[in-house]
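Protein chains: 2
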Amino acid sequence: MSISFDDIDYLAVNTIRFLAVDAVEKAKSGHPGMPMGMALPAYVLWTRFLVHDPAWPQWPDRDRFVLSAGHGSMLLYALLHLSGYDLSLEDLKAFRQWGSHTPGHPERDPARGIETTTGPLGQGFGNGVGMAIAERMLAARFNRPGLPIVDHRVFGIVSDGDLMEGISSEAASLAGHLGLGRLTYLYDDNRITIEGSTDLAFSEDVTARFRAYGWQVLEVDGLDPEAIAQALEEACRQEERPTLIRCRTHLAYGSPHKQDDPEAHGAPLGEEEARLTKANLGWPLEPSFWVPPEVRERFRVLLRRGAEARQAWEARMADYRARYPQEAAEWDRVQARRLPPGWDEALPSFAPDPKGVATRSASGTVLNALAARVPELVGGSADLAPSNMTYLKGHGDIRRGDFRGRNFHFGVREHAMGTILNGLALHGGLRPYGGTFLVFSDYMRPSIRMAAMMRLPVVYVFTHDSIFVGEDGPTHQPVEHLAALRAIPHLTVVRPADANEVAEAWRLALEWEEGPVALILSRQPVPTLDRTTLAPASGLRRGAYVLQEARDPHLLLLASGSEVGVALGAAEVLAREGIRARVVSFPSWELFERQPEGYRREVLPPDLPVRLAIEAGVRQGWDRYVGSQGDVLAIEGRFGASAPWRVLAEQYGFTPDKAAARARALLARLG
Amino acid sequence: MSISFDDIDYLAVNTIRFLAVDAVEKAKSGHPGMPMGMALPAYVLWTRFLVHDPAWPQWPDRDRFVLSAGHGSMLLYALLHLSGYDLSLEDLKAFRQWGSHTPGHPERDPARGIETTTGPLGQGFGNGVGMAIAERMLAARFNRPGLPIVDHRVFGIVSDGDLMEGISSEAASLAGHLGLGRLTYLYDDNRITIEGSTDLAFSEDVTARFRAYGWQVLEVDGLDPEAIAQALEEACRQEERPTLIRCRTHLAYGSPHKQDDPEAHGAPLGEEEARLTKANLGWPLEPSFWVPPEVRERFRVLLRRGAEARQAWEARMADYRARYPQEAAEWDRVQARRLPPGWDEALPSFAPDPKGVATRSASGTVLNALAARVPELVGGSADLAPSNMTYLKGHGDIRRGDFRGRNFHFGVREHAMGTILNGLALHGGLRPYGGTFLVFSDYMRPSIRMAAMMRLPVVYVFTHDSIFVGEDGPTHQPVEHLAALRAIPHLTVVRPADANEVAEAWRLALEWEEGPVALILSRQPVPTLDRTTLAPASGLRRGAYVLQEARDPHLLLLASGSEVGVALGAAEVLAREGIRARVVSFPSWELFERQPEGYRREVLPPDLPVRLAIEAGVRQGWDRYVGSQGDVLAIEGRFGASAPWRVLAEQYGFTPDKAAARARALLARLG
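The listed protein sequences derive, respectively, from chains A and B.
Residues in the first sequence are numbered consecutively from 0, following numbering that gives the first Met the number 0.
Residues in the second sequence are numbered consecutively from 0, following numbering that gives the first Met the number 0.
The set of hints was computed from the structure by calculation and includes no laboratory data.
Just to be clear, a hint being listed does not mean it is correct.
Claimed, not checked - Computed spacing ranges between beta-carbons, pair by pair:
#1 A/R190 / B/G395: 51 to 57 Å
#2 B/P535 / A/A534: 54 to 60 Å
#3 A/R190 / B/G400: 48 to 54 Å
#4 B/E239 / A/Q57: 50 to 56 Å
#5 B/P535 / A/E548: 40 to 46 Å
#6 A/V300 / B/D352: 40 to 46 Å
#7 A/E296 / B/P353: 50 to 56 Å
Claimed, not checked - Using 27 Å as the maximum straight-line C-alpha spacing, the simulated DSSO-like pairs for lysine-lysine come out as follows:
#8 B/K27 / B/K92
#9 A/K92 / A/K25
#10 A/K92 / A/K27
#11 B/K392 / B/K354
#12 A/K392 / A/K354
#13 A/K354 / B/K392
#14 B/K657 / B/K354
#15 A/K27 / B/K92
#16 B/K25 / B/K92
#17 B/K92 / A/K25
#18 A/K354 / A/K657
#19 A/K354 / B/K354
In this text, all values refer to a predicted model and were calculated from it rather than measured experimentally.
C-beta atoms are modelled at their ideal positions from N, C-alpha and C, and glycine is treated no differently.
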């Protein structure tokens with residue numbers, strides 16, 4: 000493709016550069032170097048290739064743009080402003096200020112064209128992979144002959160830092176494996192990192208590495224619009240492989256003293272140098288935040304392409320609605336993130352069974368029952384599906400060239416899984432879940448945080464949730480992970496006590512609109528509780544509920560997950576001695592904290608301070624519920640150990656007898 | 000190199016296979032497939048190349064062996080047993096049992112030849128990189144012409160899973176960058192993962208990828224001893240690049256029905272299949288745990304090589320001691336992990352200053368002062384040295400071909416940094432530290448966990464420790480990270496309040512022998528407190544101390560880090576109203592928990608229940624210290640925001656006035 004690239008285009012590129020420079024100067028904080036270096040490739044992409052329409056920012060078939068190098072946020076804000084999104088010059092002037100629409104790193108704001116929150120390196124890279132998978136999956140589900148209502152691409156900008164992070168290696172390998180031809184990243188190869196030249200730490204052959212992953216790699220001069228356009232065109236032609244376009248660029252391009260200087264990465268150029276740079280590139284020194292009218296006009300004209308594409312899509316969609324009303328209704332439903340009518344009728348209920356099943360097994364049953372009614376439910380595991388029980392039987396795998404299936408094989412790549420789940424959720428139209436052992440939630444924690452920050456509807460299936468993993472030993476036994484996950488704002492952690500609480504937990508997970516949900520499930524069997532004598536499992540929704548009441552109780556026993564059975568057993572032991580214990584099933588702190596105070600005081604009456612919490616994890620945080628006079632049977636000051644799980648239960652004190660002894664001691668201490 | 004490989008050698012290889020099979024059968028749990036597939040390459044390595052001597056397992060110049068694929072632990076245990084380490088047949092029979100020396104995954108036990116704890120994939124890969132760097136660094140420091148007292152290699156076994164994890168991509172890139180010719184990994188290319196064939200998720204060209212990182216890659220048939228030996232020899236000849244030897248192997252080699260079957264990865268073969276496998280490989284069905292005497296003899300003979308090497312080294316060392324007594328004394332000192340005499344005299348003390356400095360800046364000053372006296376102190380940052388203030392000025396960088404320096408450039412690779420720090424600490428002779436932003440501790444969390452589990456003397460320098468990062472916004476502002484780190488057993492988290500507490504924190508970090516220490520440091524300036532009127536900063540060692548006493552106090556104010564200044568300010572505001580507040584500086588929960596109860600009750604008197612904790616992070620865990628009647632000024636139910644930090648202090652309530660208001664409300668509520 001040959002593009003005509005004239006003086007106004009160059010003016011537009013400089014406009015982007017100096018909006019970034021001026022905003023960073025005004026904020027006295029920010030990252031000018033990247034926008035200055037990548038302005039030209041980004042401009043070519045946005046005006047000649049990216050199919051989008053500011054008139055409808057959330058048009059479902061728009062191309063997605065991901066600024067993985069989120070520190071270059073002003074590049075994105077400048078492009079959004081010039082394209083006509085709801086981001087004014089005043090917004091740009093409020094860069095990095097309290098309450099502004101232009102925070103230091105892009106924060107997801109789809110109404111303004113910001114597809115995802117980025118900044119922690121590598122996360123955006125993986126989000127784009129997820130989006131590109133979602134596109135193929137929705138295309139496979141919804142497109143009909145001659146009516147491709149899903150037919151878009153994912154573009155992004157990635158930096159050296161993105162490519163150094165392991166998460167992008169994992170995601171790139173999977174993207175190559177799946178042959179995601181709709182995915183194209185511009186690599187800002189400026190050879191500068193914060194500590195200096197990339198030579199200090201990064202001398203690998205990135206091109207060869209990405210080719211090894213199965214990517215197409217193209218190399219261009221980041222100042223050559225023609226070459227950039229040709230590469231983008233080649234990327235769009237290549238439907239079998241993702242493309243990395245390596246753009247040789249210059250950090251802080253145009254700055255007489257700071258071009259290619261690490262200092263220009265994360266600090267303002269300074270008033271004097273900003274002026275010199277404007278002079279150097281022939282830019283008016285005043286006013287700041289200057290946008291030449293012809294540049295605005297150029298954007299308007301070039302973006303017609305997007306508007307036309309959107310209109311064509313609307314016509315196609317109208318046709319689709321007429322010819323495929325049922326599919327169209329389904330399309331509307333998943334786009335609106337509405338669950339299908341009667342979806343939860345599929346939820347199984349489990350008969351009481353003292354032997355019981357592992358909650359991970361119950362989860363597998365529930366998940367498969369739900370999958371039959373909720374087609375947008377898709378997911379997989381980081382190579383632990385047989386253990387996590389996450390496989391949707393009879394629903395096929397997604398694989399290169401065939402995205403009709405619903406099961407993912409993420410490989411041993413928890414972090415990529417996390418960020419791809421985010422990308423799937425960001426894209427819309429799917430409800431993703433992902434599984435691994437709870438202990439390996441650490442490997443994907445930065446992605447969980449991003450999901451929580453964006454309040455994405457992602458479900459985590461974390462099995463093997465305690466030392467009761469058994470023989471695999473401390474490296475595979477979570478001890479601190481419940482506490483660590485509960486600490487993340489907007490993440491809802493649910494640790495069901497038995498199979499019926501698992502069903503309720505999945506119900507909640509699918510209905511929840513406040514952010515991601517982490518299901519914490521046991522490896523070992525737990526009794527399926529007899530709900531004819533105990534409170535119904537629906538109490539799970541309130542976070543904690545009185546599972547077994549005692550008349551005028553002497554104490555409260557609080558427990559989650561597999562320790563609820565221990566608490567019930569302890570209550571029985573104590574009852575024989577005339578000690579009456581109320582047993583509270585406490586699957587979720589976050590849900591409990593949302594209950595009205597009245598309910599919370601009902602479950603945990605302030606006049607009943609004798610409380611013992613039982614959980615096979617660290618104590619941290621339980622003091623809030625047991626109070627100054629309470630006690631916690633937890634795992635303190637040590638990790639787990641390799642041994643059969645029943646042996647560990649004895650050794651760590653998680654048996655009814657030992658819990659009862661602890662309760663007795665507490666009662667004695669408090670008199 | 001041509002090795003003679005006779006029937007006894009093949010017998011030895013089968014001995015390894017069946018020790019693994021029998022141990023897993025007996026435990027009814029474990030991973031037989033990998034030891035069966037890798038027995039031959041491992042045997043060739045251990046008997047012909049690995050220089051080690053069971054008579055002195057911790058001989059400093061031994062080759063290091065890392066089983067990164069830790070699930071194949073029985074392979075290692077079998078080799079250790081047969082080599083004559085302190086691991087008996089009884090120990091093998093106790094595989095995966097409580098209190099045994101043969102846990103499910105290898106747990107560091109240097110006296111028995113287990114160099115590092117592995118299991119979480121990719122961690123061992125990175126440990127080996129750290130060990131190989133340590134070898135080069137110590138060689139550069141201690142070797143003298145003709146007297147190479149440091150001259151060893153690092154070998155390891157890695158799996159598909161190891162290579163899929165991002166952490167190994169990061170570590171491999173850095174290993175290639177540094178040209179670690181002493182590092183050789185055998186890659187167990189068995190093409191099977193838990194979910195099935197590696198084709199499901201892993202079709203990248205691993206060979207090309209590692210070549211892109213700058214590695215030598217050799218490919219061999221894992222059943223061909225000659226080829227394996229030649230490849231290992233080539234690896235040892237190659238001093239400029241690390242080597243990956245890709246061994247085409249078969250999971251559960253020899254099992255008639257389970258060879259190449261994912262089921263053989265993590266479950267016993269089963270009694271019948273174990274029998275069939277023995278029959279198939281011509282192995283006696285009885286007894287189990289059979290070791291032919293000629294195999295024992297073969298190991299004894301082949302290991303003479305190691306004993307001779309050790310003796311030669313001892314002779315060399317004696318010569319060294321005679322010719323370089325000072326260097327030899329220094330060698331002994333760092334090997335014993337003793338700090339040099341007078342090391343802490345270098346610790347600066349900081350004059351009171353209301354304007355103050357950021358604790359990260361104070362840390363940079365202290366660290367550089369210490370570096371002058373503690374030559375084993377080495378480290379760096381994940382590309383944030385100028386921000387983390389971790390650079391040791393005048394001490395040079397380590398780089399390819401020149402390891403005399405002390406500064407690392409880890410690149411944007413937090414996870415590799417974490418695992419390499421572990422490798423440096425495991426190797427011995429160095430005291431490693433590593434820095435990044437606190438928020439990115441999430442990226443390296445699995446490695447921090449391993450350091451804690453192994454109680455390694457690693458120091459983390461986590462700066463930018465709160466929302467007061469400011470304009471960079473929520474992606475860069477830790478909120479939950481203090482809680483998340485405090486949850487990890489054996490990790491000591493220290494958040495100093497001012498420059499003098501920073502000096503004390505570093506003193507503690509270097510003296511601490513119980514595990515890793517995480518220093519949590521501010522980006523923004525904090526006042527340097529006037530210790531002539533306030534308690535001395537040495538109180539930091541006790542975790543919490545009364546910084547400012549009040550006669551007959553109405554309430555306690557507890558705070559850490561930058562919020563200590565807020566607490567002091569609040570106390571002043573309250574004092575004007577006649578409300579007397581004791582201010583407790585609370586830099587470390589873990590240190591405080593170790594104090595005798597008497598001290599803890601002195602600092603937090605039980606009869607003073609009116610307590611307000613102030614910390615710019617989540618509330619989780621503080622209830623333990625403020626009690627049922629206390630309150631916590633924390634960040635609850637939200638992340639940070641992008642704005643100047645002083646604005647955030649107002650908005651989130653972390654100012655003296657707002658803290659005082661909160662204290663007043665608490666007093667009012669409690670009457």
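Going through the hints against the structure:
no.: 1; hint: A/R190 / B/G395: 51 to 57 Å; in the structure: 22 Å, violated
no.: 2; hint: B/P535 / A/A534: 54 to 60 Å; in the structure: 55 Å, holds
no.: 3; hint: A/R190 / B/G400: 48 to 54 Å; in the structure: 21 Å, violated
no.: 4; hint: B/E239 / A/Q57: 50 to 56 Å; in the structure: 54 Å, holds
no.: 5; hint: B/P535 / A/E548: 40 to 46 Å; in the structure: 54 Å, violated
no.: 6; hint: A/V300 / B/D352: 40 to 46 Å; in the structure: 59 Å, violated
no.: 7; hint: A/E296 / B/P353: 50 to 56 Å; in the structure: 55 Å, holds
no.: 8; hint: B/K27 / B/K92; in the structure: 11 Å, holds
no.: 9; hint: A/K92 / A/K25; in the structure: 7 Å, holds
no.: 10; hint: A/K92 / A/K27; in the structure: 11 Å, holds
no.: 11; hint: B/K392 / B/K354; in the structure: 25 Å, holds
no.: 12; hint: A/K392 / A/K354; in the structure: 25 Å, holds
no.: 13; hint: A/K354 / B/K392; in the structure: 64 Å, violated
no.: 14; hint: B/K657 / B/K354; in the structure: 21 Å, holds
no.: 15; hint: A/K27 / B/K92; in the structure: 66 Å, violated
no.: 16; hint: B/K25 / B/K92; in the structure: 7 Å, holds
no.: 17; hint: B/K92 / A/K25; in the structure: 70 Å, violated
no.: 18; hint: A/K354 / A/K657; in the structure: 21 Å, holds
no.: 19; hint: A/K354 / B/K354; in the structure: 65 Å, violated
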